[in-house]
Amino acid sequence: MPNQVDQARELAEQFKKQGYFDRLKSEILSRDSNIITNGNVRSSESLEKILKDLTTSTVKDMVNKDEELIFKNRGPTSALVEAQLLKNNYRKFNEGQNGIDLNRYLEGCMQDPALGDTVHKEIQQLAVKENINLNQKPKST
Amino acid sequence: MSGYNRRPPPYNGSGPYRSNKYHGNSDERGYGNERDRGSTYNNGNSYDTRYHSSAPPHHRNHYPTSRGGYSGYHPPVDRSNNHYHSSRFENTNTTSRYSSASGPSTAHLRTGVDSRYSNGSAPLPITSRYSYRENRNLNMVASTTISGSIRYQKSTTKPDVVLPSETSDLTRQEAEPLNANLYEDDIKRNVIKPILKYDTEYFNTKYHYFDPTTNKLVNTADFHNWNEKKQFPPNGFVNMTPEGNLAYDSQGKSYPINPNESSIDPREQSSYLTKINITKRKHRITLTPIERVSYDKYSLGPPPLCEIVIYPSDTNDNITLINVQDITIKNYFKKFGTISHFESYIDPNNALPLHIYLLRFSSPENKINDSAKAAYLAVKRHENKACTITNCHFKVVLKKNQEQVESIKLKFILANEEQTKLLQKKASITAEKSKEANNVSNTLDAVSSTIEHKLIENDVNKLSPEDRESVYKELTLKFNKRNRRVPSDLENKINNRACLFVSTNFVGFHGMTRADFAQRLRPYRFSHIERHVTGIYIVFNDINDAIRCAMKESGKLTIISRGFQRMPIVVKFTLLLPPTMHSRFSGYKSMKTRDEIKASKEQEPMYRNQEALLKAATKYILEDLKTALNTDIRRKIVGPTVFDTLNPDNFPELVAKRKEREAIKEENRQNVAETANTKALDASFQNNVVNKEQDMDIFKLYGGYLKPQASRKRRLSHSLRSRSKRTKLELEPMAHFLNEESTSKEQTPLTDLNVSSSHQYDEDESASSQDEDEIMENLDDEEDLSKVFHDDFMDIDKSEITEGDRVDTEPTTPEQEGKLEAETKTEKEATLLDMYKPSETELPVPVYKDDLFGKRELSLEEVQETIKDEEDLRILKEILQESRNEVSTTPNNLIEYELWKIKDYQGRKKDSEDAHFKLNESIAYDNSLKWEEGSFKTHGFFKVPDRLKHCYLPHRRRIHQPLNTVSHHTNIGGESIEDVSNTPLQREESAKPESSDNAVGQEIASSRENRASNRRFQQDIEAQKAAIGTESDLLSLNQLNKRKKPVTFARSAIHNWGLYALEPIAAKEMIIEYVGERIRQPVSEMREKRYLKSGIGSSYLFRVDENNVIDATKKGGIARFINHCCEPSCTAKIIKVGGRKRIVIYALRDIAKNEELTYDYKFEREKDDEERLPCYCGAPSCKGFLN
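These protein sequence lines map, in sequence, to chains A and B. Just so we're aligned: 14 in the numbering used here is position 14 of the first sequence, and the numbers increase by one with no gaps anywhere. Position in the second sequence (first residue = 1) + 10000 = the numbering used here.
One should not assume that every hint holds.
[Said to hold, decoys possible] In silico contact screen, one side only, chain B against chain A (beta carbon under 7 Å); selected entries:
id, residue
1, S10294
2, A10617
3, V10638
[Unchecked claim] Within a straight-line C-alpha distance of at most 30 Å, the following computed BS3-like cross-link-like pairs (lysine-lysine) qualify:
id, chain 1, residue 1, chain 2, residue 2
4, A, K17, B, K10615
5, B, K10619, A, K87
6, B, K10855, A, K52
7, B, K10636, A, K60
8, A, K60, B, K10659
9, A, K25, B, K10659
10, B, K10615, A, K16
11, B, K10619, A, K129
12, B, K10657, A, K72
13, B, K10253, B, K10280
14, B, K10619, A, K17
15, A, K17, B, K10626
Hints were generated in silico from the structure; no laboratory data involved. We put the beta carbon where it would ideally sit given N, CA and C, even for glycine.
The whole structure should be built from the sequences, with the hints applied where relevant.
Next up, the structure:
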């Protein structure tokens, strides 16, 4: 167990504690995604809604193919269907005309320089607040 | 007087023998004269010693007591003088008081009156031997003195004499010639000077008459003759001849007397004296132990001792004594008695215990002896054997006084003082020696002491780094010389904290446990104590506590060793400091390996500048963000959406479709079942067989209710469908779709599903048709139906009643109805055509029964029924037209209405009758019991014959009609009394032939074969038992089990459960054994009461004989279910099998299959009506009660 806590890690924890992390997350999910579907349609809806719609349609398709799905025990059936959808980095969502490449989108979001800058700024402010100085010796646990 | 035999003194020739102790010649009188020994006087006269109150003065044993307790002393005799003269005596003749020729007067001796006083003279002083007051009986005195003399004789006290060597000048030889006539003792006495007592003037003048020193009589002037007045015969009262040569003793025997012969003291002759003087007894060293006198409230003196003192014996070491605790001593001595006081003494100089204890035993009131006994026992037990308590030896003594205790204490205090002095000397010597040798260690100690001092005051962490370093170095040097470290498997638990270590060898040898350390180190606030293979680790949260504990306790703490004589053992701790501190500050070898160091470095990234730090932080954040997003998508978006989407409400069409399909299928099933039913009904019309499907409930006794066929059909369809689906469609569970190991990834689960689902639809349709076919086939096979229906029947609502064959079907579409109708029509047509086919009979057989003809009264419906075809109608019209000449053409609507009403009424009546019939278990109600003139109650009371009672009393039916047995439920409906004979056949037909026959068929074998096989089996068992040798319960065989008939239990109308025969049983055949717990009579009585109390109303106690009862209440065979009947089919017999009595049930008569077995319980007739149990057997001759 390292006696010294990584300062960056500590900073990240502080960042989370302040609530910036959750805010970012919800922002990503709720903002206009401008995601392009397989049918080359740019959707202006939020990622959350797109995902919900996609999920619903996919499940309906599955049900149409197998009616017994709705008559079976809902809990385990839904778990199985969910696992189907999440398999292989959301491959299911990538099907059909309305399908999207969610994985790529998420990665794109992460690599968004704007996001990085936002985080960077906030961390900087936080560091200033906490008076974290590199020159100081790390705290021992 | 004296108790010893005295021969009368020999006659000395002075005259008749007379008792004349006071006689005696003056010459011969004297003390010590041989002749006069005991019996003669100086004058030679003998005297009767019998009358002597005392021995003659010359006799050594009769020495006057005036001189104080002489014994066996003969005063020296002076023959020259009559020493024995006493002025006290009347006879003032100086010869002696014995000197009077006239003989002494013994009157005073006899009469108790001193004759000396008789002449009025002043009372004469008399010797103390005769010391008595006036008027005292001389005899008494004599007896006293004699006894005194005897006392003297027997006493072992030495005479108050002086040895010859000391005082006398004369030797024995010199003295001898002088005292030729004296006894040897007298000779001795001559040279012996007596030690006188009462040698005072008072006594000399008043009492004494002889002076032992001078051997002379004194106060002779007071002497007088005892026989002055001549009152007594001169020789005394002696039986003598006048001649004086013979004397007669008390017995009349004569013996010669020779006056010249001196008398011999028989006492000296006999061995009496020798016996007394010479004893063979050993000299006693100690006093003879006498029985202890118990101390009670009447006893005087102090109470007995009940305190003991316990002190260490000299053989003890000081070390062992340390272990001794007061409580140990107390507990040890508790066994002797109750302790009321316990005191332990301490050394005042050093306040250490001296291990001297004072114990006082107490006793209950009025029993003082108990405590004394306890103390005595405690002392006595350890008198010879030392008292050993915890390897220490103690001495136990009774506490006589406080001084004793003080002396013991003092002894030990002094010993302690000496020991301390010795130790101090030794210590100083060793100190001097050690000073020279160990300068370095002293400095270290000094340093460490300062450090310790620092530590105790301050916190280690607050010390300066240099100090801290040095401190740790010192500590390691002092407490961890071997550089021990924490084992790797304990590192997690210890977690880099300071701990104290004690090796397992040490701990194991001395039997020390964690609890010991926990108790002793409590003040040091340790975290916990770990027990490890290597030893014990005492972990401290705070390093200061660990250091403090090590400083104070290591090398000083002592714990009692369990492995070594329970001695306190000094414990040394090893201080294990946390490795980081150790490595950092102590400068010693690092615990970590290089890899560990590398890893630790990697985990501790150092950032060059803030930018790098921020970048790193950003990176972390983004990574976490991605993870969090995925998680949220899964949990918060996809999951709930899927769940919500799968709600059937979202697919109403599909649900509706499904329902439709199911409804269609159910209808199909129902129709199929109906056709099957109608077929069956037609086939069994004459036999009135109810649909088998309806009566498969084993538990319905009086239930003749029809089950709704619709629901049954529904169930049937569902179950069949599901079964068939499972078997035929081969759907895989969804999980399989997600199987990532599937070879063809292109074949997604959905595609598979699609394929399978498409197949499903096709197969569903085919399945439905197939199902129908199956059902059609299955209808013939009753087994499958029963299996299918079995579970379903349990859940069906009993309250559903249907009317006859009418079945409530669910509303169907017109198209479906039309289809159904078409189906039925075609079937009917098929049956009709069959009817018209020619039959191969000798005589022509009408197609329709003509049972209507001959009846006088025909109902409208029957008339209508007779018209089967157009030809009949035409004929009827012709007949009617002939009777009536005119034919009315006007339609009469009322007629139709009337007709309809009649039909409707009749139909309803028929339905109700059918219903009643079925309710009555298909037993027709006898017409004589019918009362159509209103309510049945208006009929009034009337006697109903027993034979008719079965019509309305179900429980009356069984005797003649076995009800509800195992497999004949299907055959209940419509049976009447007349059909009894047919019923067994019917049942056989209708019962499941395969199942029952299969079940029973194996068991039904020829009885001969059965017996033979049983015999062989029994022989096998016995052979195996013999082979084993020992008796074993495993190989026990109940032979009666082999003869058991196939029977089973089922609900009974008599009571609760009953036993039924599964096959026909012939009369006198053994059916089953009544098995249960074999208990004794008193136990059975007790159990009976207990069962009654606990509410078990049924009695399963079956008496074997007077003393034994079989109790099948809790444990038993199925024979316990056999009910009582007043007309039984079986009987119980007691037979002996294998030496033991057993209860066996035999058949009294032929018993049909599925008939309930009954036997007569033969209960004792109870007098008390309240205790009588009602009988529900239903037999015609039923007594009404069991007992």
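Results for each hint:
For the restraint placing B/S10294 at the interface with chain A, the shortest Cβ-Cβ distance is roughly 83 Å, beyond the 7 Å limit, so the hint is violated. Against a cut-off of 7 Å between C-beta atoms, the interface hint on B/A10617 holds, since the closest Cβ of chain A lies about 4 Å away. Taking 7 Å as the C-beta contact cut-off toward chain A, the hint placing B/V10638 at the interface holds, the least distance being around 5 Å. Of the supplied pair hints, the one linking A/K17 and B/K10615 holds, its CA atoms being roughly 18 Å apart against a limit of 30 Å.
Restraint check for B/K10619 and A/K87: the C-alpha separation of about 26 Å stays at or below 30 Å, so the hint holds. With a C-alpha separation of about 83 Å, the suggested pair B/K10855 and A/K52 falls outside the 30 Å cut-off, and the hint is violated. About 19 Å separates the Cα atoms of B/K10636 and A/K60, which keeps this hinted pair within 30 Å; it holds. Taking the CA atoms of A/K60 and B/K10659, the gap is about 19 Å. The hint holds against a cut of 30 Å.
A C-alpha spacing of about 45 Å is found between A/K25 and B/K10659, which places the hinted pair above 30 Å, so the restraint is violated. Our distance criterion of 30 Å between C-alpha atoms is met by B/K10615 and A/K16, whose separation comes to about 16 Å. Restraint check for B/K10619 and A/K129: the C-alpha separation of about 20 Å stays at or below 30 Å, so the hint holds. Taking the CA atoms of B/K10657 and A/K72, the gap is about 16 Å. The hint holds against a cut of 30 Å.
Distance restraint check for B/K10253 and B/K10280: the Cα-Cα separation of roughly 38 Å exceeds the 30 Å cut-off, and the hinted pair is therefore not satisfied. The hinted pair formed by B/K10619 and A/K17 meets the criterion: a straight-line CA distance of about 17 Å does not exceed 30 Å. For a cut-off of 30 Å, the pair hint linking A/K17 to B/K10626 stands: about 17 Å separates their Cα positions.
Hint violations for this structure: numbers 1, 6, 9, 13, all remaining hints satisfied.
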